[in-house]
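S.K.: Spelled out from the first residue to the last, the chains are:
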Amino acid sequence: MFDAMSAPIIELHHVSMNFTKPSGAPLPVLANIDVTVREGEILGLLGRSGSGKSTLLRIAGGLIKPTAGTVLYRGGALAGPAEGISVVFQTFALYPWLTVQENVELGLDALGLPLDEARRKASSAIDLIGLDGFQSAYPRELSGGMRQRVGFARALVSQPVLLLMDEPFSALDVLTAEMLRTDFLDLWNGHQLPTKAVLMVTHNIEEAVQMCDRILVLGANPGHIIAEVKVPLVNPRNRLDPAFHAIVDQIYSILTSRMAEAASPPTSTQGKPVQQLPGVSASRLGDFAEALAAPPFDGRAELPKIAQALALQLEQLFPIAAGLHILEFAELEGSSIKLSAAGRVFAAADIEDRKRLFREHLLRFVPLAAHIRQVLEERDRHSAPRARFEYELEDHLPRREAEKTMRAVINWARYAELFQYDDRTRTFQLDRSTP
Amino acid sequence: MAAFLEAEELEHHAEVSTGGIWRQHSFGWRDVVATLLVLGAAILLGSGTRQMVGPFVVGNQADISLSPAALPLYTLRTVMRMLAAMAASLLFTFTYATAAGKSRRAEMVLIPILDVLQSVPILGYLSFTVAFFVALFPGSTLGPELAAIFAIFTSQAWNMAFSFYQSLRTIPTDLDEASRSFRETGWQRFWRLEVPFAMPGLIWNMMMSMSGGWFFVVASEAISVGDLQIALPGVGSYVAKAIEQRDLAAIGWAILAMTIAILLYDQFLFRPMVAWADKFRFEQTAAQVVPKSWVLELFRRSTLLAIVGSPVGAVMRRGARARMSYAPRLFAISGWSLPRSVGDGLWLAAVFAALSYVAWAIVRYAGPSLSWSDVWTAAGNGALTLARVAILVALASLIWVPIGVGVGLRPKLTARVQPISQFLAAFPANLLFPIVVFLIVRFQLSPGIWLCPLLILGTQWYILFNVIAGASAFPSDFREAAASFRVRPWRWWREVMLPGIFPYYVTGAITASGGAWNASIVAETVSWGSTKLTAGGLGAYIAQMTVAGDYPRIALGIAVMSLLVISMNRLLWRPLYAYAERRTRLD
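First to last, the protein sequences are chains A and B. Per the numbering used here, the very first residue in the first sequence carries number 404; after that it's consecutive. Per the numbering used here, the very first residue in the second sequence carries number 878; after that it's consecutive.
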């Protein structure tokens, strides 16, 4: 396959990226990252949302200029999108008004080729990727899988040296994604692609283990590399192979341990609560706790197993696990989750008791909820604008995360009947009918 | 799962393969008809253009004939002006809106200007532009022609430019990134991404503009500013002459000619364009109702035109593919070397200096001949017209909202009524004014009250067809839910239907009220032969000052009207619109 001494295709050295907060202060999304993609490898960037993995990919593609650090493409500094680098997008990014053929030819626009040569090259890319016969179709006439095939053909038509893939299969259904992945791996392993290296972003652990030679696991706020996992399996890889499972479990453990760390101590400056809450509803936490308490899990489950049993994606599973962990209804250990004593009661209780318990834990373990409640009690009219708390959060969290945390605390507090929120006036109110 | 997927792909495949089957490769009736259409259009446009650049002497203009036989040619001239203005508007849109969309500094200035221009009554400044263009081309018909075209242009260009600018600002991130990662040049990006993405909105706005444009083309053909009397051959002048001679039959003929012209325009220009633009829809799903046009079908299926047209298509495609990397600084994102804040400061200072100079020039020009009493007169008249517009929009809403909901909830009725209401919105209401005026004179009604309906005569239909559109887009499960819970009529209106159509209604009402302000200039003072009727108000004020050629007071009238329209937009319509948007979203 590849060896560590292969020539580097793209190198990111000490790359940092800051966006700007509403107050004008810098908000770091990537901190001091080093990534090198070498000839012959598929390198995966794996992480939860907010870990800046897509931003990192865009920096490698020259679409975003990093705040600090250098990007070298085949030894030379990268300034903007360069010849030889192509991107496959999560949302396909096809032009709806162009046919399949024209969309693929788009990948050659920059080369200024004569028309018939462009035609010919596009046709052979279309053949290669299995789109023959669909040249005159418009994207809206195609299924999702076929659309992403067009995305691949368009990226490959210009014979790129480096292929960047931004969660290329995550918008597809499971079966289609699997087919497309296998087709791509067949081409890659059969050396039918002109491409020398691939950098792909994913949040699907199994996908990463199936495709990549090396996986960088990213942590969030700001994005940084937690671990590098090598995948020394032969191709094609078998998902039922115990060695395959071992690597999947290893990555789960890395991610859950980080999550547990990130969730427990609310990092606060000036004593203000800035704990980040996962975007998950209270009723969903209840449902999950109930499933976890029931057989075959009986209160304890390996995350990959329960994810499969409940048909949950990683992006859905982690917020739930983090939510239960924050509220101390469950504990995360390695790649498994275990209900706490309170969690067992919570799972078994009827709706009224469940709400009461949820309310107690919300006040105790979510400082933001307690803080809002306290402010509301202190105020004469028992109401306070949402913006007030949101600004406090935005000083410490990226805007999207702050918004997510706000939504979560509103949902949880409504469920617990701790306080009310009126979206029309965007204010919090104390529900006087409850104690 | 697998079977379902396969079936789906097969189905799509079937759709694709039908694309090549029905094309017949022999010379058929379609070719004859299509060729005739193309040649006919070319000859008509050519002859019309030749007349437009003929000699022009103010005192010695060709007399307008009231014979119905002369009308087809007049209509052609009117239609030609419309086309020329549309071409100018497109050019303006592509340059002005592109500049605003690409350069942050240009945007700071261009967009507020556009916002104000949108609110300035077009007929008000016709007098200025006529004088300007006549002076620009002395002794040629081109001067007044350009003035008329400019008037129509000003009625069409602003909303088109706005729509294009909005589209540029809302290009989806993934398409933008795709375009950048494939290193398209500004030129390629413009034709491949930006124009196609903006196309559906742009075409819709072109149709709206065109509807409004008929009103202004009719109003701008026959105009007198002070001593300058101009009557360009066209439907508008024909009607003006008919009014002068009290010829009701001639007005009937003009209405007929205009009706035919608008219907033809719709069939031959807009239907094909809308059907064609369907492929630019950004939604990835197949449309529920695919717009169709028999003209477009005809052209697409004609083998001859396909042969003749393919080189043209190839050249255009080559043009869009060309990189043009040496030229397109205009389209590229500008890179300034100055720090952002310093550059912005300098830029704002320059803009501010230019604005102060303009303000100073206006005051110096108009100041000496205006006194405070003039301002009070204009303001009083403004209040009168404001009250009229408000009452009329409210009245029109009371009438058309229930009717529109009734129609919109019945799909069959909608299919019949919607084209009629859109036609009525496009029809230049000023052609109908003489009939109303005739009735007022005949029955000796009070002009102060009975002239008012003219303000809203042409624009009330915007309320109707927007409400119809809203009601027919209302989700049927909401209606069924309301029906199954047996919601009482009053609650049904207040809590089910009115919130559902509210955003649509607001859109219609904004257009209606804007149109009413413009109409006030031709509706508040009208004549029938030698009889003159005046209802007072700001429109009448501007019209009188225009006839008198009193430029400072025209400017004052326009300023007051612009101020009123802008404040009404800012204080009433925009908050309402924002409220409607916020209230009706579900996420």
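Among the hints, a few may not be true.
Label-pair distances were calculated between CB atoms; the ranges are [as the list claims (entries may be wrong)]:
no.: 1; chain 1: B; residue 1: 1145; chain 2: A; residue 2: 810; range: 28 to 36 Å
no.: 2; chain 1: B; residue 1: 1312; chain 2: A; residue 2: 786; range: 58 to 66 Å
no.: 3; chain 1: B; residue 1: 1283; chain 2: A; residue 2: 803; range: 42 to 50 Å
no.: 4; chain 1: A; residue 1: 562; chain 2: B; residue 2: 1358; range: 50 to 58 Å
no.: 5; chain 1: B; residue 1: 1372; chain 2: A; residue 2: 790; range: 44 to 52 Å
no.: 6; chain 1: A; residue 1: 416; chain 2: B; residue 2: 1046; range: 43 to 51 Å
no.: 7; chain 1: A; residue 1: 482; chain 2: B; residue 2: 1013; range: 45 to 53 Å
no.: 8; chain 1: B; residue 1: 1046; chain 2: A; residue 2: 562; range: 45 to 53 Å
no.: 9; chain 1: B; residue 1: 1460; chain 2: A; residue 2: 786; range: 48 to 56 Å
no.: 10; chain 1: B; residue 1: 1460; chain 2: A; residue 2: 790; range: 16 to 24 Å
no.: 11; chain 1: B; residue 1: 1429; chain 2: A; residue 2: 802; range: 17 to 25 Å
no.: 12; chain 1: B; residue 1: 1047; chain 2: A; residue 2: 646; range: 44 to 52 Å
no.: 13; chain 1: B; residue 1: 1375; chain 2: A; residue 2: 810; range: 40 to 48 Å
no.: 14; chain 1: A; residue 1: 429; chain 2: B; residue 2: 1047; range: 23 to 31 Å
Calculated from the structure, these hints are not laboratory results. Because the structure is a prediction, the values reported are computed rather than measured. Where is the CB? At the ideal position from N, CA and C, for every residue including glycine.
S.K.: Which of the numbered hints above does this structure break?
M.R.: Hints 1, 5, 6, 8, 9, 11, 13 contradicted; others consistent.
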